[in-house]
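Letter by letter, the sequence shown follows residues 0 to 169 of numbering that gives the first Met the number 0.
Rather than coming from a laboratory, the hints here were simulated on the basis of the structure. Just so you know, even glycine gets a beta-carbon here, dropped at the ideal spot from N, CA and C. There's no promise every hint is true.
Per label pair, the in silico range of CB-to-CB distance [to be verified]:
| id | residue 1 | residue 2 | range |
| --- | --- | --- | --- |
| 1 | Ala-67 | Cys-150 | 24 to 32 Å |
| 2 | Arg-5 | Glu-117 | 33 to 41 Å |
| 3 | Gly-80 | Thr-17 | 33 to 41 Å |
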Amino acid sequence: MLADRRLLVTAYFRVHFTQTLLDRDVHFIDILMRRPRTSGNQESDNLILRPSNLHLESFDWETPLRPARMRVVAKYIHQDGMHGALVAGDFNPLQLHDMTLHTEHELRDAFLESGGQEDEEAGFTWGLQSPEVMRADGPSRLDKIMFTGACLQLRRFEVFGRDVQLEDEE
């Protein structure tokens with residue numbers, strides 16, 4: 000996980016998922032943000048934001064692992080002292096129960112918050128540029144950005160790189 004060096008990072012840690020078949024984990028950083036003083040208030044408020052990056056299991060196993068993983072993530076992003084959190088990465092939502100993981104853990108899905116719909120092509124993040132052999136399941140929205148906290152507000156949601164065309168390797 001990369002963080003701009005101008006940010007005041009106060010902690011970085013990795014949590015390895017104990018229930019994993021593909022050695023998955025989640026990475027967190029804590030960033031100290033100073034809110035400007037308001038008139039009459041002599042001190043600025045310090046806010047701690049906790050961005051994270053994850054890659055959830057990419058197969059449907061007999062026992063679904065993604066809900067258990069999100070419970071682990073939720074434990075860390077809703078910890079006392081956190082003012083806001085962001086969870087981004089490959090959520091691999093392959094089953095119906097995966098579509099409600101954000102609401103079950105008090106998260107807002109940035110794409111849905113911006114007016115997008117779950118199976119709308121505008122939100123697809125995988126499969127659009129894949130080789131033909133990898134398109135068996137069709138394109139989908141595997142990568143997501145979710146957030147929580149009153150201090151975080153979605154201004155806009157943009158897709159970038161959609162028109163990039165790579166040349167085929169010979």
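Checking against the hints above, which ones are violated? Violated hint: only 3; rest satisfied.
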